[in-house]
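**Q** With the hints as your guide, set chain B onto chain A.
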Amino acid sequence: MDLIAETISHRFDALDVLDGVSFTAGAGEVVAIVGPSGCGKSTLLAILGGLLQPSTGQALLRGAPPAGSLNPLTFVFQDFALLPWASVADNVALPLLHTSLSAQQRAAAVDDALRRTGLVDFRMAYPKQLSGGMRQRVGIARALVVRPAMLLMDEPLSALDSQTRELLMEDFVDLLADGAMGAVYVTHNLEEAVRLADRIVVLSRRPGRIRKVVTVPATRRARGDQAMRAQLLDLQNELWALIRTEAIDAEREVQHA
Amino acid sequence: MLDRTPNDAHRSVGDAETKPVRFRGGGFTPVASRWAGLLALAAALGLWQLIGSLALVNSLFLPTPLGIVSALIRLAESGALWQHVSASLLRILSGWALGTASGIVVGFAIGLWRIARSIGITFVSALFPIPKIAVLPLLILWLGIGEQPKIATIALGVFFSTTISVYSGVDAVPRNLIRMAQSFDVPFPTIVRKVIWPGALPSILAGFRITASVALMLVVSAEMIGAETGIGTFVLQAGNLMQTDQLMAGILVLSLFGLAVGRLISLLEARLLHWR
Chain A
44 MDLIAETISH RFDALDVLDG VSFTAGAGEV VAIVGPSGCG KSTLLAILGG LLQPSTGQAL
104 LRGAPPAGSL NPLTFVFQDF ALLPWASVAD NVALPLLHTS LSAQQRAAAV DDALRRTGLV
164 DFRMAYPKQL SGGMRQRVGI ARALVVRPAM LLMDEPLSAL DSQTRELLME DFVDLLADGA
224 MGAVYVTHNL EEAVRLADRI VVLSRRPGRI RKVVTVPATR RARGDQAMRA QLLDLQNELW
284 ALIRTEAIDA EREVQHA
Chain B
6 MLDRTPNDAH RSVGDAETKP VRFRGGGFTP VASRWAGLLA LAAALGLWQL IGSLALVNSL
66 FLPTPLGIVS ALIRLAESGA LWQHVSASLL RILSGWALGT ASGIVVGFAI GLWRIARSIG
126 ITFVSALFPI PKIAVLPLLI LWLGIGEQPK IATIALGVFF STTISVYSGV DAVPRNLIRM
186 AQSFDVPFPT IVRKVIWPGA LPSILAGFRI TASVALMLVV SAEMIGAETG IGTFVLQAGN
246 LMQTDQLMAG ILVLSLFGLA VGRLISLLEA RLLHWR
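Chains A and B are the protein sequences, given in the same order.
When you read off a place in the first sequence, starting at 1, and then add 43, the result is the number in our numbering.
When you read off a place in the second sequence, starting at 1, and then add 5, the result is the number in our numbering.
With the rest of the complex left out, here is chain A (with noise of 0.2 Å):
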């Protein structure tokens, strides 16, 4: 199944925020989304995962879900936005609770979600017991209890310390290996974008446009090679020196607002 951006715009009231962008995120295939603060990225995340109703243009979903999906579009936080009265396995099977699953299905699918995201042992635990990469499984847990066709991914690692995001993109890239699950990926951080994405979708500075997609060599697990390592950090760079001006200009902005 594709997720389509169809000349997407929007505006806040006085605010153009995003200008006429337009991509497919195809089947199984990972899509970052990177640019300046402020360039709109939360926002077409948003609008493609029907949060948000775009001033113009339009999200648009083409061919089948993957057999078993309930939901085709599912969501990963920033925050975790985990319920924090609920204990690890209710969280991960808040998406199932109005499905037409039995009991016993909605409890395999959890624990499912679970086993992929190594939280089988703490399925009773409470959010204010894990750590905050812990807390991101159980989010992550709980996007893929429903078999989603595509990850809508803000920002997941930006809240966590650098050893835990290395190993939750070890994860990502273990969970995208068989390409059953697309994905689309909001991040600051360019090394992650470069580690995960098939490709990269530059957003230029308020109101965010695009300024260049870029496609990353070689496959997700051949990126973790010693030989490989050059040649990201090169395409890194590349996309440093695009967004390296406007981040400047968007962080003062900021500083002024």
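It is worth saying that the hints were derived from the structure and are not from the lab.
Some clues are possibly wrong.
[As the list claims (entries may be wrong)] Once the Cα atoms are required to be at most 25 Å apart in a straight line, the calculated DMTMM-like pairs of lysine to aspartate or glutamate come out as:
| # | chain 1 | residue 1 | chain 2 | residue 2 |
| --- | --- | --- | --- | --- |
| 1 | A | Lys255 | A | Asp277 |
| 2 | A | Lys171 | A | Asp155 |
| 3 | A | Lys171 | B | Glu82 |
| 4 | A | Lys171 | A | Asp204 |
| 5 | A | Lys171 | B | Glu233 |
| 6 | B | Lys199 | A | Asp164 |
| 7 | B | Lys199 | A | Asp241 |
| 8 | B | Lys199 | B | Glu274 |
| 9 | A | Lys171 | A | Asp241 |
| 10 | A | Lys255 | A | Asp122 |
| 11 | A | Lys255 | A | Asp292 |
| 12 | B | Lys199 | A | Asp133 |
| 13 | B | Lys199 | A | Asp155 |
| 14 | A | Lys255 | A | Glu198 |
| 15 | A | Lys255 | A | Glu234 |
| 16 | A | Lys255 | A | Asp241 |
| 17 | B | Lys199 | A | Asp122 |
| 18 | A | Lys171 | A | Asp214 |
[Said to hold, decoys possible] Selected chain B positions facing chain A (in silico; Cβ < 10 Å):
| # | residue |
| --- | --- |
| 19 | Arg29 |
| 20 | Gly57 |
| 21 | Met185 |
| 22 | Ala186 |
| 23 | Thr195 |
| 24 | Pro203 |
| 25 | Leu273 |
| 26 | Glu274 |
| 27 | Arg276 |
| 28 | Leu278 |
Note that the Cβ used here is the ideal one computed from N, Cα and C, for glycine as well.
**A** Frame of chain A; chain B shown alone:
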């Protein structure tokens, strides 16, 4: 440099005298001592008893703690205590339940729906500040002489406080959680049940503490105005007859009732809000 041992690092600072860095991170965390509180209470009661025993103050104006306890025991043995307490309890429970149930419904409506909010907040803001006991004569006119106006007065007092605590609680539920649930296509009733209700519960339970006190104040006031039984009636009659030991016994019962309700709500919080 990398090969140096930690001791080398110490040596590198030279021969100057060293002294430990003074601890400055004590913060400000006052923790109540349970025993200190009980001791202070015992000391105050002891002093009070001593003042009475030494006849420094006329017992008519200030009965001793032991005198109050013995008055309470006499009341309990005669059956009068239970008669008054049960009458008050019935009024409190009926009025509190009625006010709480309606307050929760209206509070959720105000918290969840725009039209209810527009209308509800206007009415709540206009009517909440009115002392509810002032409405009792009107309620007697409307509902007749009997239990109804007293229960209605308590219910009104409880209703407004509950409404405010409920819609404040709904407002305080983090919006990112509601958005998260919507992003998973969770239907609105399930969002209310699984996200908004538990999220608003801390505020609702905090409201219960306030409404329990409101109910207690209103039942005493209402019984003083027009009732034949009840703790308020009893306290008023004892005052009129200058039976200050019995008057204080009545006040003690009210205090114990308040403590019991507070404890009950604490237990409820410990059970329902264990996730905090």
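**Q** All hints, please: hold or fail.
**A** The hints, checked one at a time:
{"no.": "1", "hint": "A:Lys255 - A:Asp277", "result": "16 Å, holds"}
{"no.": "2", "hint": "A:Lys171 - A:Asp155", "result": "23 Å, holds"}
{"no.": "3", "hint": "A:Lys171 - B:Glu82", "result": "52 Å, violated"}
{"no.": "4", "hint": "A:Lys171 - A:Asp204", "result": "17 Å, holds"}
{"no.": "5", "hint": "A:Lys171 - B:Glu233", "result": "53 Å, violated"}
{"no.": "6", "hint": "B:Lys199 - A:Asp164", "result": "24 Å, holds"}
{"no.": "7", "hint": "B:Lys199 - A:Asp241", "result": "37 Å, violated"}
{"no.": "8", "hint": "B:Lys199 - B:Glu274", "result": "18 Å, holds"}
{"no.": "9", "hint": "A:Lys171 - A:Asp241", "result": "35 Å, violated"}
{"no.": "10", "hint": "A:Lys255 - A:Asp122", "result": "28 Å, violated"}
{"no.": "11", "hint": "A:Lys255 - A:Asp292", "result": "19 Å, holds"}
{"no.": "12", "hint": "B:Lys199 - A:Asp133", "result": "10 Å, holds"}
{"no.": "13", "hint": "B:Lys199 - A:Asp155", "result": "23 Å, holds"}
{"no.": "14", "hint": "A:Lys255 - A:Glu198", "result": "20 Å, holds"}
{"no.": "15", "hint": "A:Lys255 - A:Glu234", "result": "17 Å, holds"}
{"no.": "16", "hint": "A:Lys255 - A:Asp241", "result": "14 Å, holds"}
{"no.": "17", "hint": "B:Lys199 - A:Asp122", "result": "19 Å, holds"}
{"no.": "18", "hint": "A:Lys171 - A:Asp214", "result": "22 Å, holds"}
{"no.": "19", "hint": "Arg29", "result": "27 Å, violated"}
{"no.": "20", "hint": "Gly57", "result": "51 Å, violated"}
{"no.": "21", "hint": "Met185", "result": "4 Å, holds"}
{"no.": "22", "hint": "Ala186", "result": "7 Å, holds"}
{"no.": "23", "hint": "Thr195", "result": "6 Å, holds"}
{"no.": "24", "hint": "Pro203", "result": "4 Å, holds"}
{"no.": "25", "hint": "Leu273", "result": "14 Å, violated"}
{"no.": "26", "hint": "Glu274", "result": "13 Å, violated"}
{"no.": "27", "hint": "Arg276", "result": "12 Å, violated"}
{"no.": "28", "hint": "Leu278", "result": "8 Å, holds"}
In summary, the structure is inconsistent with hints 3, 5, 7, 9, 10, 19, 20, 25, 26, 27 from the numbered list given earlier, while agreeing with the others.
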